[in-house]
Every structure is written in C-alpha cells, then in structure tokens.
Amino acid sequence: MRVLIIDDSRSVRLIVGGYLRDEGMQTVEAADGQAGLEQLRHNPDVRLVLVDWNMPVMDGLSFIKAVRAEPAYRSLKIIMATSESEQSQVIRALDAGANEYLMKPFTKDVLIAKLHLLDVFEE
Amino acid sequence: MTESDYAFFCGWLKDRTAIHLESGKQYLVETRLSPLVKQYQLGSVELLIAKLRTGGDSVLQTRVIEALVTNETSFFRDHNPFEALRKQAIPELMEARKTERRLSVWCAAASTGQEPYSLAILLRENFPQLMSWKVKILATDISREVLNKARSGVYSQLEINRGMPAVLMLKYFTQHGNQWHLNDDIRGMVDFSELNLAGSWPAMERFDLVMIRNVMIYFELETKKRILSRIGALLSPHGYLVLGGAETTYNIDDSYRRVEIHKTGFYQRR
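Chains as they are written, first to last, in the working numbering: chain A, 1 to 123; chain B, 1 to 270.
In case anyone wonders, no lab produced these hints; they're calculated from the structure. There may be inaccurate statements among the hints.
As the list claims (entries may be wrong) - Straight-line C-alpha distance at most 30 angstroms; calculated BS3-like pairs for lysine-lysine:
id : chain 1 : residue 1 : chain 2 : residue 2
1  : B       : Lys-263   : B       : Lys-225
2  : B       : Lys-25    : B       : Lys-225
3  : B       : Lys-38    : B       : Lys-25
4  : B       : Lys-51    : B       : Lys-171
5  : B       : Lys-136   : B       : Lys-149
6  : A       : Lys-104   : A       : Lys-77
7  : A       : Lys-104   : B       : Lys-51
8  : B       : Lys-149   : B       : Lys-14
9  : A       : Lys-104   : B       : Lys-98
10 : B       : Lys-149   : B       : Lys-134
11 : A       : Lys-65    : A       : Lys-77
12 : B       : Lys-149   : B       : Lys-171
13 : A       : Lys-77    : B       : Lys-171
14 : B       : Lys-87    : A       : Lys-108
15 : B       : Lys-98    : B       : Lys-87
16 : B       : Lys-263   : A       : Lys-108
17 : A       : Lys-108   : B       : Lys-171
18 : B       : Lys-25    : B       : Lys-136
19 : B       : Lys-134   : B       : Lys-25
20 : B       : Lys-87    : A       : Lys-77
21 : B       : Lys-51    : B       : Lys-134
22 : B       : Lys-98    : B       : Lys-14
23 : B       : Lys-263   : A       : Lys-77
24 : B       : Lys-149   : B       : Lys-38
25 : B       : Lys-87    : B       : Lys-38
26 : A       : Lys-65    : B       : Lys-171
27 : A       : Lys-108   : B       : Lys-98
28 : B       : Lys-134   : A       : Lys-108
Please read all numbers here as calculations on a predicted model, not as lab measurements.
Next comes chain B alone, as it looks inside the complex (with noise of 0.2 angstroms):
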C-alpha cells in the first residue's frame, strides 16, 4: 500500500467514524481489508481503495467500516468489572431507583453482543427481584452486520468458551451442532440499534449506567472530550460509567470522579 493510498484511506476512516489510525499501520489496513478484496474480487488492496477514492458503493464502503472496527470481545470480559457490577454497582444502582422501579443501561459499542447478554444474565442470576421492574438495556455498535449478528443470540463453540461459565452456557443456552442459542428470555432482555458514537445520536433516556469498554482507545482526544461529555449529560445522578481497562476521564472530562470498585475504575459524575 502506497503512502499516499494509506493518508487517504486513515482520512476517509476518521471523516465516518472518528477512528484515528496511526502511522504505520498499514500491514492491519491490508490484513483487514484482504477478505473483502478477495470477495469482490478486486486483486489488491490498492484497487479497493480507488473505489473508496471514486466514493458510490454504500455497501461496500460500510462493509470496509465493519472490516475496520475491531470486533474482539468475550463474555463476562475482564471479569472484574461484572463482579464490581454484581457486588456493589447494581445494588447501589438499584437501591438508588427503587422508587421508580426502573433501570437503563446503555453497552455501546456492544459489538457481537456478547457484552450486553452478559449483563442481562448477571442481572437475571443475581438480582431475581428486578423480574417486576422496567429493566432496559440498549446495546448500540456502529457495524450493523454485527448488529445482526448479536441480535441472532447464535454462537460458535469457540465464542461460547470465551468468557461463558459452564453452568450459565447450560442454564441459558442451547446447542444446535456447533452452535450455541441464547434463550429468548436472555435475547429479549435487550434491545439493538445502530450508533455512530462520533456522529450524531438520537435522543435517548437517561442511563443508569453506560457501559462503553475499549472503543475510546481508537479515537483522538477531541473526540473522546465530545462523546465523554455528551454520556455526561445522560447519566443519571447516581449513575456509573464504566470504561476499558486501559481507559480514563483524567485529563479528558474532569467533571467524572472516579470509584474504585472490586479492583476496576467506574466513574461518577462530580
């Protein structure tokens, strides 16, 4: 890929998701975007990229998005902010609500799903008492293949066994040859919709939690201010942010405190 393709291509990336691609990346551009040049039988990197140049094609510039996002997830992942949810945040959460009955959780960036089906099993283990109350949890990604794919609630043996405990994957799935269905009480719990977190978002309720791990990384400063403040004025007063590991408010958003909850960083609002 020559340097000229790769400054056009990390522009063209940026302008429709923000996503900042540092220099010398290019082997993960190629690497990303080979299956797609295989399948619209293109021959090489570079000829994709003149197509992206000459713009048209929606489908083909939301499919090279979708190469481009990294999918990488788990069930339960990190394990400990899902048990700082499960020993202290949701209670907390739900003594904070008891009154209204209601809870709002926002997964962004929730990619296959398998974020927002942990939570909803969390939920449905640990606090059978919220059975009776308007839970919602909204889990929004950027790729709608994706979408589409955690709203199927299917997956491979090899998904299942990232992060899934025995007894859960017994209690709330179902297999079918390979392949591993998330029963519909589960699948039910949560609602999909299509986000851009660095274009516009709809309008939406307040959250009581906002669950949005390992995407900021990819997004330069100004943006990650943009998004921080805007979940800022979504979160409920008690409300928790929770973000990747590798991720902070310092410096970004002072106007979040963070709560050190079973060894993982949440963040309130001052």
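Excised from the complex, chain A in its bound form (with noise of 0.2 angstroms):
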C-alpha cells in the first residue's frame, strides 16, 4: 500500500517514513499542501495520507479540504498529524474530511494503532 506523506520537516518525513516502510509499505513525500495535491495526481495509487495542519503555500486543513471536494478521492483514508492538540481544532479536522487524528509527538505503536483504526493493514 502506498502512503502520502505531506509535513515541511523533513526529519519527521523521514522518521514517519521510516515506521511506514518497516510495516511494508511505499512512502511518497511532499512538503506542503500544494505539493501534496500534486502527488496526490501523479500517485494514484496512494490509499492513505498522514497530513501536518502548520505547513506552507498550503496547510493541512486546505489540503484535506480540497481532496475531500474531488469525488476521485472519496475513499482517500486521511489522518491529521500535527502538534495542534485543542480539541476544537481536532472538530476542525474531522469536519473537514480527515478520517483520524494524530498529536504529535508520537511513536510508532501510536502511529500503527491509528492505522489499525482505520483498517488499512486488512488492504
């Protein structure tokens, strides 16, 4: 299965990446939002996305917003990994479109639990 990866660190794309791979799966990496929609369409093959909210040129909650208003993506499984941790911005995230929520920091065992929620190990 392949993921998405879209947060402007690069250390926590590559420690994110890293649990992901260990677990079998393909990574992608974008930087923003913006870069994130692009491959988005040149991976249509990606099941899943792990989006930051704080991001340049475009951040998370635009992102799951504009994925959620193309029906292609319907079935796109979304978790926000962000360090915003208010439960009003967690509303936020799952009234957009995001399928689960993730505060950062986190560990890999919190990271595959999420995924477990979401049932993409059954793909």
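Put the two chains together into one complex; each comes in its own frame, and the hints tell you how they fit.
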C-alpha cells in the first residue's frame, strides 16, 4: 500500500516514512499541501495520507478540504498528524474530512494503532 | 546490583506477586527502581534492597511492587480483540443472557483503566439496548496507584493518542489543558478494585467475559494453572476468556477450547 506523507519537516517525513516502510508500505512525500495534491495526481495508488496542519503554501486543513472536494478521492483515508492539540482543532479537522487525528509527538506504536483503526492493514 | 541482591529481590517479588523474573534482568530492576531510590534518597538500588531485607515500611514495599509491575497499555489495545467482541462475542453473550438481561465482565490486570473504559465505550457505542440491562464491568489490578489513576478517568495527550479513535475522544472526553477527562457516564460503568491475581480472591459472581491480557506471561506455570482454573470456575457456561496475543491455555489448562474470532483467540469452557 502506498502512503503520502505531507510535512514541511524533513526529519518528520524521514522518521514517519521509516515507521511505515518497516510495516511494508511504500511512501511518497511532499513538503506542503499544494505539493501533496500534485503527488496525489502523480500517484493514483495512494490509499492513505498523513498530513501536518501548519505548513507553508497550503496548510493541512486546506489540503483536506481540497481533497474532499474531489469525488475521485472519496475513499482516500486521511490522518491529520499535528502538534495542534486543542479539542476545537480536532473537531475542525474531522469536520473537514480527516478520518483520524494524531497529536505530535507520537511513537511508532501509536501510529500503528491509528492505522489499525482505519483498517489499512486489511487492504 | 550483586547476584545475591538480585536473587533476594526475585524471591521477594515472587512471594508477593507470583511474578517470575528470569536471570539477567538486573537492568530492568535497576531501571524500574531508580526513581524510587531518588525519591526516598537512598543513594543506590543496593540500599533500597537492604531496606526490603529488613521488612518494615509497607508503603515502600507497595511502591517497589508497583514499580516492577508493567503498566504499558492503550485504549482498544491490539484492535482485533475489540473487533471480535463487537462483531461476535458480545452479540452472542447478549443472546445467551437475554432472559436475565444481565452482563458481567471482569477486566483483570486493568492497569490505568484503558481496557475497561474501552470496553465500556464499545458497549455504549454499539449496543445501546444494553442501557436497559444490568451491565457490570469489574476492573482489578494489583497496584493501588494505577487504580487511583484509573478511577480518575484523566489521561494525558500521549495516553489518549494511544488507540483512542478521534471521534470517540471528542464524544466521551473533555479537554482540560493538556489532560483529557473521561465523562462520568462511562466512568460510572466501571467498578475498580484491588486484587492480586496470585493471592486470595474475594467471593465473586459469575462472569460472561473475562479479559486477562498480557499478564499471564509474567507468571510461572503453576500460577498460570491456578489462575486459569479459578477463572474457569467463575466463567458462565457461554462465557468467554480473552488472553493476550502471545498467551494461550494450551498445555496449561485443557478444560478450555480455543475459538477463533476475527483473528483473535478467545477461549470457552469445554
């Protein structure tokens, strides 16, 4: 399964990408929401996106709204992975169309538990 | 830590908890005890063990046991057992109990409460008809300290992150600063009580479901046999026993049979 990691921090992309590749997944990366949308167009086999909230060019919330506006991406699973931890922000992310919310910092087992919640290992 | 101190400590811990520490786990003992050494200003783990040798200070003894008992847990831990409960085991138990309209669950080794609360949330979310039943969830642990935390229903951001679906977090928890407080409705579904699995048990009613996950691995064979036999006597005829992913009743207590549900091994009496 291919996963798109969108985060402006190279080290976060590196660490999270490592966690996912350890689980046998393939990863592609982008440093902001706009670049993330382009990666989605180039990689139609992406099934899951991990997206940060605060990024230059296009933030994670705008990315999620843009993705959910396109019927072709209806089944795409999205996890908002961010250091934003206010209850109101969790609500905004889910309202925008995120399937799950992951508060940074997180460890590999926490990420894997979230993936189980989305049944991504079933695919 | 000297060999003699380690041997004494292993025996001391086993007498009180039945937990069997293998040889070569000195580093584990030292790591777990060093915060207590600091707190009690004892200078070294050796001095702490010397204090245990003289007996006395029951508070310190309790703290030492608590430090050694693994508390690693998460909400909806391992995912699949909860899916198995939701899809098959709970509906089956409800069918078996539909006349009495009672469901009784025991989460042994409940630690800081994530497992019994996950179960309570699962029941509330998926089986609203149980609202008119008598549902009892008993959650026990050897450690008073973790039970106090469990009763409070207050979890850090790191803890809530571990396994709690965001939608359920929003529905059943309220944020206060960096803490997430479980609502009183779910907290009220669980009764917490101190219980040493290897010690004497109080009189208990029959259970339809016993979850005792990831604790048997710490016990020696004889203790495992005794615990499984005692659970067997408490399990209702249709009841399920749920063990941890690396645990089994095979070659320990053959009065159980394994039932595979949603990739998870559940056990019933033969």
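State the violated hints by number, sorted upward, taking the hints as numbered earlier in the document. 4, 7, 9, 18, 19, 21, 22, 25, 27 and 28
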